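J.: So the sequences go chain by chain: A and B. Under the working numbering, think of the first position of the first sequence as 1, with each following residue one higher. Under the working numbering, think of the first position of the second sequence as 1, with each following residue one higher.
It is worth saying that the hints were derived from the structure and are not from the lab. As the structure is a computational prediction, the values presented were derived from the model and not from experiment. Where a beta carbon is used, it is the ideal one built from N, C-alpha and C, also for glycine. It is possible that some hints are incorrect.
[Said to hold, decoys possible] Some, not all, of what chain B presents toward chain A, calculated at C-beta under 7 Å: (1) 8; (2) 10; (3) 11; (4) 14; (5) 18; (6) 85; (7) 97; (8) 133; (9) 258; (10) 301.
[Stated by the list, open to error] Reference listing, derived: stretches of chain B covered by chain A, where coverage requires no fewer than 3 residues with Cβ under 8 Å from a Cβ of chain A: (11) 285-296; (12) 359-372; (13) 418-428.
What follows is the residue order along each chain.
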Amino acid sequence: MTQTLYSRTRSPEIEKEIAGGGGGAAMRVIVPLQGVVQGRGGLVLGSIIPCALFYFLQFYLKRNRKDTDDQNNSNSSGQNPNPRSSSYGKLSELPGLTRSLSRGLPSPRSLRGPVFVSGRVRGIVKDSDSPYYVGLRRAKEDPYDELSNPNGVIQLGLAENKLSLDLVKHWLADNAEQAILRNGKELSISQIVPYQPFDGSMEFKVAVAGFMSQVMEKAVSFNPSQVVLTAGATPAIEILSFCLADAGNAFLVPTPYYPGFDRDIKWRTGVEIIHVPCRSTDNFNLSIAALDQAFDQAKKRGLKVRGIVISNPSNPVGNLISRGTLYSLLDFAREKNIHIISNELLAGSTHGNEEFVSMAELLDPDDSDRKRVHIVYGLSKDLSLPGFWVGVIYSYNEEVLAAAKRLARFSSISAPTQCLLVSMLSDAKFVQTLITINRERLQSMYAQFVAGLKKLGVECIKSSGGFYCWADMSGLIRSYNKKGELELWDKLLNIAKVNVTPGSSCHCIEPGWFRFCVTTLTEKDIPVVMDRIQKVSETSKLNR
Amino acid sequence: MVAMSKIATGNGHGENSPYFDGWKAYETNPFHPTDRPDGVIQMGLAENQLCFNFIKKWVVKHPEASLCSAQGVNKFKETALFQDYHGMPEFRQSVAKFMGKVRGDRVKFDPDRIVMSGGATGAHEMVAFCLADPGEAFLVPTPYYPGFDRDLRWRTGVELVPVVCESSNDFKITTNALETAYEKAKEANLRVKGLLITNPSNPLGTILDRETLKGIIEFINEKNIHLIGDEIYAATVFMEPEFVSISEILEEVECNRDLIHIVYSLSKDMGFPGFRVGIVYSYNDAVVSCARKMSSFGLVSTQTQHLIASMLSDDDFVDNFIMESKERLFRRHKYFTWSLSQVGIGSLKSNAGLFIWMDLRKLLKEKTFEAEMDLWQVIINEVKLNVSPGSSFHCNEPGWFRVCFANMDDQTMEVALLRIRTFMLEHNKAMVPRKLCSRSSLKLSFSRRQDDFMSQSIMSPHSPLPQSPLVQART
């Protein structure tokens, strides 16, 4: 995918999104060179050569720079009429040309020297342009609605579970008073307003541990004192990454994987991800041989592997890891003396006949391997409450728990939300009903979706969990590579107006696979989706 | 055994600082008026509990704001599903409006520049991640909040270089001090990326005047470094002079706005620390964009966003709240400092914050930090008050202590004061207070002390004679 620094065709909102990233590519060149200019490379190397390069670069870019100043949307406060920030990567603002403040320039903003931010800001440009995020933005800007916007973009790229939200709403309507009031009429504001333990109240931990156990059909019981609560699964994964690996170390992660891992595991931690490719011939199941191979390759590259991150049920494929494979994983981790992070966020969202087995089930109380296992969970999928931001780190390792507890202060869950959910999760009957009905609806939607795609000649991997169909659309792509896949993705988004996630965003090694989320729809939307896809699939077949 | 990271096993969490030792003492033996009357009173936590009942009334009166009420449940579906890291528009708008109100509506804030974070703690860390790379540094005037050592450094790898402020000029931030610190950083081969100021100051409780702020803006522009303004105590300014925000100064002097970032939160001004609402407000588009994506690591629950949006959109409530809060803080501060002065304990003259910067220099056996620690041990173990020693705030002079006064009810306050008086009398370090001389017993009734105080007609600038009873807050 080509990155453009400036684009007239993007909407203002997208402009805003890539605001800082626009200069990212340029900054990546300029900043290291600045270091040299600042004298770290001696007189010739340090001054003359870089200066010459700068002047040539400036000359070149001035010729090619589009006039975007009047295009800038003003993000700034109402009283500031100035154009947008110079840190936008205005390439003419090279270090040697800083103007002094005393000149009283009419629009000071655009004429200052460059502003130095961190590498993380500069790195952000990559993410903004990835199809995963572009698709999400488009769907947000032009959302489909059966009545008010029938031509809008249908969102199949965001794993929202709308199937059983009505159940949760009804529970609230019936139990509202009790949810936040305690002991009769007394409002427990004194419990929700002051400082709380940063890793969640014990009451809430008890409720969450009980919920997890119910979700996993009581195959295992979870100890509340081994629970650390975080504001969503996103910080849970990041916190574990910070705890288990140093910057420059690596985790092995089977592909295809959830695109957000690139942010959660790598971004601020500096930890690397080593891909462990899974293939369609294996039904995208994880093979220990592939794991071994990846570990050896990491070693050759000089990367120290600190752990494996598995998702079970997996995202995007939706398969469950078998008990045998889980045991093999434990053996592998023991042999290499590394950790296992088991992301079980979708544990309650199984819909097939296969049995879900949590990593926790395999561990005996006196098993020393327990210390290497850490489970991530959350309420955004199984309980359909993504907006409430509730994530869980469950570990058997006291040191990890102690460290995670301290780090949770940067990502604590809002107290009123904890309060509300304690009531909800403690209602075992409601929880059971919710889990059962959710599964039934998921199974139904999944089956209909797969059948619909099959009619179009698109096969899906057989899966038993998660919210997705992992569909093989390689028959519809022009060239069997990432470019071909992204062309099809683009057609689906802009012509069919359906946002799906291309396999390349998930680092799938085989092109042509797409992830469709089935839980954001109602049953009557399915024919609409299929019709739209059909248009694109027909033209794609004709063009081949 | 399987190893963990350096971050996990190191001391970056900062909990070995004496700041937290006192907390541990409190946690093992917390004061309770009936169950544990000899327990340690927590005066080391800057929590604003004075306006609980005010907020409680509003929440009870507006059940639709809470989602979990028959009236509010209609909003439930869209709220529960809303996972956009931009945050709910009404939340951002109401926070922007509130921030403006707190600054007397002298400036307007753009809701699109508001980025959420996990409390002010998360906001600080996020700003550090955005502005500096590992090994780079921020300048921070001393004394400063001990949590900065953790929040700005732990996972970010950023260094902090102190800008030393002296008691001789009331700890003001001088350009000289800034320049010295900058040079020191240079000598240590540290690249300075920014300056972090806390205004109103924690632990001093003072605000920066216009001239100082202008000088700071000039300094950062000249060095081309960022300015991070932590203004989380903005609404706790209970007395003249009026609070001046960085955002106001920006309208008055020439400044590269890309260098300016404000950290805010509702934990102190509104007394909502449990809600975990942190805000990063940046004038730099690139930073806003990056911070927004980083906010995924500490988003505010939409249920809370919804509640706050409703509350802060209620103009009457907000105006009354701001006024009432200042009123209560003013009285509490006045009473506390007056009571201390009666036993010869002074403090830095302050007009903001939830604490005072208490001057116990003359109680030190010698002018050393060891002596300060000794005195502090005595205060924790004998007087049974958790106060925070100045050294944990990196104060360059021993003998100063931060004492919080807004996190307790009147009765607990009286117990604390009694203990202080008893201690001072026993140690004979202060001149004998005139009023106490004439009494045979040291057992003063609570109401009597209040009457003494009230009779001096101390008036708040915001209302006429104090009429309403002092607030009953939670212990």
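J.: Go through the numbered hints given earlier and state which of them the structure violates, listing their numbers in rising order.
T.: 2, 3, 4, 5, 6, 7, 12 and 13
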